[in-house]
Structures are given as structure tokens and as C-alpha cells.
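Asks: Sequence:
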Amino acid sequence: MTTNPVSSAPTPVSDAEFASMRHNLNLIRSQLQAGRLDQSFLAKQMDGMLGLFDRIEEERKQRKKEGRFQALYSVSRLLGSSLELQTVLDQVMDAIIHLTAAERGFLMLRDDDGGLDVKAARGLDQKTLTSDNFKFSRTIANDVLDNGKPILTNNAVEDPRFANQASIVGQALRSIMATPLRARGRVIGVIYVDNRMMAGLFNDDDLAALDTFAGQAAVAIDNARLFSATDEALAGRIEQLQQLRRVDLLLNETLDTAKAVQTTMEWACRLSGATSGHFGTVDGDPPRVRAIQHYGEANGDTQPAYLDSMYPAVLDAVNRGATVIVTSNWEDGDAMVIVPMRRENKVFAVVVVKRHGSQPFNPEQIDLIERMVARAAFTLENARLYAAVQAADKAKSEFVGIVAHDLKVPMTSIKGYADLILMQGTISERQMDFLTRVKDTVNRMAILVSDLADISRIESGHFYMNDTRVPVAKVVQEVYDGTMTQMQDYQHEYIQEIDPDLPDMQVDYYRLVQVLTNLVSNAYKYTPPGGKIRMRARLGEQKRVEFSVIDNGIGLSPEAIAKLGTKFWRSEDDFTRSRPGTGLGFAITRSLVEQMGSHIRITSELGAGSTFSFSVATCE
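Those letters in the sequence shown? Residues 1 to 620, by this note's numbering.
Hints in this document: simulated from the structure, not taken from any laboratory.
All C-beta atoms, glycine included, are put in the ideal place defined by N, C-alpha and C.
Heads up, some of the hints might be wrong.
[What the hints assert, rightly or not] Straight-line Cα separation of at most 27 angstroms, DSS-like style, residue types lysine-lysine; simulated pairs:
hint : residue 1 : residue 2
1    : K543      : K474
2    : K149      : K119
3    : K532      : K563
4    : K474      : K532
[To be verified] Quick list of simulated restraints, FRET-style, between CB atoms:
hint : residue 1 : residue 2 : range
5    : T327      : T87       : 43 to 53 angstroms
6    : D504      : R138      : 41 to 51 angstroms
7    : G597      : D501      : 38 to 48 angstroms
8    : R161      : K259      : 17 to 27 angstroms
9    : D47       : R186      : 47 to 57 angstroms
10   : T441      : G607      : 29 to 39 angstroms
11   : R161      : I292      : 28 to 38 angstroms
12   : D205      : D15       : 23 to 33 angstroms
13   : D504      : Q126      : 54 to 64 angstroms
14   : I56       : Q126      : 44 to 54 angstroms
Input sequences plus hints: build the corresponding full structure.
Replies: In C-alpha cells form, the structure reads like this:
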């Protein structure tokens, strides 16, 4: 390839060279048409064209590089001439999008919570994106923010690092570049560009250019943000508060003890510059510190069951209830900080952070660790209480299940003996009335025991559906047969509105009957005598059969609808309290409907009635 020996830049392709190449191509075409193609002439011309294309490609790359330098120079002048932050950010993003051929670009700064706040969002048309388009991979952006390293992926939906992220898959993101904005040795934000349609768009040169722009932009942004702040200690404290608020958000997101401990150790080591750490709980009398989790380089080492066997100073921190600082005179030469974790003035855990070398932890780092541990103590206490509540709830469900099971046998015996006595025919009318009341009471108890058993199985996760092919008409008839007597007692009018030719359903027959029977029972119980109860079945969306139970009864207030389904809850009004019920039926019904892949929709108006609707999958 011909190059200029002085500048090493490619020699521009001249007009004469283009004209000569066009002429030679015409000659080749003429020879092809005449059937007398000169092979040596063709090979020579092909070599010439390849050389010409190489020069054009090199020239294009050179122009792109020069364009980047020119853009960087222009941006540098712009950044140095203004403190109008938003104008600067928008123009920087326009230049980056133009040079990288990205579809969109976002410039995000660390906010007061330590997260990311979008400050500039621009498109290829050099216009600010609307909030509807503020959808990008926050996973990648947060990774760059937390680790301070740029990320490049040319097909995010197939990249094993990100392919399982909902934001990546949902938006079908392809080419993505992101790099940190770093000022005075700290990350203050992230620049992010992407293309949702094209894979393989970016390369390492593009990432290097983006990183260069980010370096220029970060300096200007930092100057603008800290224009009135000259005290470096104040700026450092602001950053610490941001980091701690971010940690607070992470800790408040979980009630899982293991995850809370992992977050505590990770951030305690990261904020203090530690290379490894340990977390242990205090047990026994005299106290021992049992190792629960290890972080960083400590993960790869053989770890003791008790931290105090490796670090005797741990017990000193427990007994004193105060932080212990170990400098490089420790036997392994590492600096170490041991911070006790308190609950109600009692030490219940210990955090140990270490780093290699003789440089001790400074007071600011120790303060950060102590504040981290103090914050984590509340989360871990909440996690402990939550675990205790879960265990108690599980024990309660198991107990209710056992009681419900054990009550069935004596109730069956009581009912059986009552039936036997009634069959004797030798008892008085008063005795017969007593036995009938006994049977009615046993029947009510059987319903309650059945409800308790269902609740226990649902809460313990041992509730299963047995789906089969079920005709709609069979279910509707079963519900009618099981409730008609009671509706007649209430003098209600029962109306069925069943669409013809409905497809069969794929559902647990007995559980669907249970759901509809409960809804119809509620309808006739909470409708004054002489009301109308309507059962409707029709084909709804996604070829699902939609059932609705409609009444013109007392209705429900918005507050009552919000509480409906709470176990053992019943409305306080006199009419509701006059009707039999345990407050379990609707809770069970709602759980059953959810296991059928639907949810109960409620519309109601006080004094006008209610409608309860849900849908069931069909076999089609």
C-alpha cells in the first residue's frame, strides 16, 4: 500500500485513479462479453482494485481517528469554557453517539443514595429522550459504578454475563458500552451507550475513545458539582454518606440473614480497602465466636470453626464491647479491625476485616466500618425476628393440620352414633331435636375443620391440584345442586347465564366446585331475602372460561375489599355478623384461584351488590 513517508498517512485516492479503474473495469466487461477474457490482465486489475480498496479503508479509518481527535478537542474546549452543566452534558453525549454510531446514550451521576441518576439521555437525532425511553441495562450501569471498570458487549442477549437479566432480554439489547466517570480517583458516574438492534457494533477502539471522553467529561462535571466546595474532607464525607446510603438501601431490600451478612462483609471490606473479612456469631458462656461467613481472599483459605481460635483479640472485642485495632505487629503481618455488633447493648456478632501490609486502617476507614456494622445490626435483627415469625407460622400451620386431622375421627363417630340413635325410632321428639342439633353442630365443625386443613396445606406448600378435563356444564350443575336448597331458604332467584359450546376446562374438578360453591354461598348469605344471584360463564381472553358470581346484596366498601381474604377477618356490620362464617372461606378460595393461574376480580358498591370473577384454562 502506498503511504506518505513523512506523515505515515495513506495517500488519498485521486480522481485519475478512480477514472483509470472505471476504464479498466469497462475493458474487463467488454472482454467478458466478447468471450476473450485476458486472465493476466484480469489478475492485474483485481490486484489493483484490492490495493485501492485497502487504501480507501485505511483512509476511512484515518478520517475516523482524526474525527475523534477533532471531536475530543472540541469537547475539551467546550468543557473548559462553561460551567452550565446540562448544556455541556448534552453536547458531550451527542459527540459520543456520533463517533460510536450508537443508537442512544446516557450520562448518569451518583446520587445521594449512592445509586445512579440520569442527567443526559440523547438519541441519534441529537434530541433528548423522553422518560418512556429511559430503559437500559441498570445491571451493567451499576456494575460499572460499583467496580469502576468499563464494560463492552457486542451481543448482550447472548453474553453469559448478562443473558439472564430481565432488562437485557426484555429490551433485546445487543451492543452495549459503559465506562466510569472518574474524578480525583473516585467514580462519580457512568457513561452508557447502546444499540438495541445491531450486534457487533463496537470494538476496543470505540471503548478507548469512550473512556477518553469520559475522562474529560468527569473532570468538568466534578468541577461544576464541587464548584463551591473547596474542602476535600467535606467531599470525601459526602461520598461516604452516599456509599452508606446505598448500603442502607441494599440492606433494607432483604430479610434473608445470609444475604444481609454477605452485603455487610462485601461493603465493609470495599469501603475500608480491606482484602478479606470474617463474620461470626457469639455463642455460649464463656463466649465463643462461631464463624458464619468469610469474604474475599479468606474464602480460599481453610477456615476455623471459631474465629477466636485464630484471632484471640476477637474475644477482647466481645468482652469490652468495643472496636479492637490490630496493627502490623500481628503474627501474620496484616492490619486488622475487629468490630462487635450489638443488639440491646449485648454483643451478638463480630465483624473482622483485614488487609495485607503494614499500613494500618486510618480513622476514617475505621469509622466507616463501625457505621456499616451499626447499620447491619438492625437488618440482621429484623432478619432474625422474621425468621422466628416464619418458624412460628410454620409450626402453627403444622399444629393446625394435626388438630384438623385428629378431629375428623371423633366427629365422624359422634355423627355416626347420632344417626344410629335416630334410626332407633324409640326416642322422644325432644330427644330427636337434640340429636338433630348435634348433627348440625358436627356438620358446622366439619366445614371449619376442612377449612383449617386446607389453610394448613396451602401455607405449608403441600397443597396440590389434580387437573383433568372437565365440562363447564358439569361444574355448573354440581354447584346448583349443592346450593339450591339454601337459596330457596333465603327466597332468592337463581339465574344461570352460560354461553353455549364452551370448551372443556383443564382444572381440578372438586376444587373448582369448591371455589364456585363458596362464592355462591357468600352471595346468598350476604344478600337480603328475595334477592337475585346470577352465575355467568363465558369464553374470555386467551381462550379461558371466565366465571362470574353476581348478587344484589349488601355490597362491600373499598376498605372491606382491601381486607377481604385476611384469615379470620369478617366485617363488623350487624348484617354480616348475623350470618354464619369463620372468615376462612374466601382466603381459601382466593388461594385456590391463584393456583389455577388466575386471580379474583371484585367490583362492589355498598347497598347495590357485588361481582366476583375469575378465569380457568381450557383444553384448547
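Asks: Would you mind marking each hint as holding or not holding in the structure?
Replies: Cross-check of the supplied hints:
1. Straight-line distance between C-alpha atoms of K543 and K474 comes to about 19 angstroms, which keeps the hinted pair within the 27 angstroms bound.
2. This hinted pair checks out: K149 and K119 have alpha carbons roughly 20 angstroms apart, not beyond 27 angstroms.
3. Restraint check for K532 and K563: the C-alpha separation of about 25 angstroms stays at or below 27 angstroms, so the hint holds.
4. The hinted pair formed by K474 and K532 meets the criterion: a straight-line CA distance of about 22 angstroms does not exceed 27 angstroms.
5. For the pair T327 and T87, the supplied restraint of 43 to 53 angstroms holds, since their beta-carbon distance comes to about 51 angstroms.
6. For D504 and R138, the Cβ-Cβ distance of about 45 angstroms falls inside the hinted range of 41 to 51 angstroms, so the restraint holds.
7. Our hint of 38 to 48 angstroms for G597 and D501 is violated, since their Cβ atoms are close to 23 angstroms apart.
8. Range check, R161 to K259: Cβ separation about 21 angstroms, and the 17 to 27 angstroms hint holds.
9. Distance hint check: the CB atoms of D47 and R186 are about 55 angstroms apart, consistent with the given range 47 to 57 angstroms.
10. T441 and G607 have their C-beta atoms about 34 angstroms apart, which keeps the hinted 29 to 39 angstroms range intact.
11. Checked against the hint of 28 to 38 angstroms, the pair R161 and I292 passes, with Cβ atoms roughly 29 angstroms apart.
12. D205 and D15 have their C-beta atoms about 30 angstroms apart, which keeps the hinted 23 to 33 angstroms range intact.
13. Here the CB-CB span from D504 to Q126 is close to 58 angstroms, well matched to the stated 54 to 64 angstroms.
14. A hinted range of 44 to 54 angstroms is violated for the C-beta pair I56 and Q126, which are about 28 angstroms apart.
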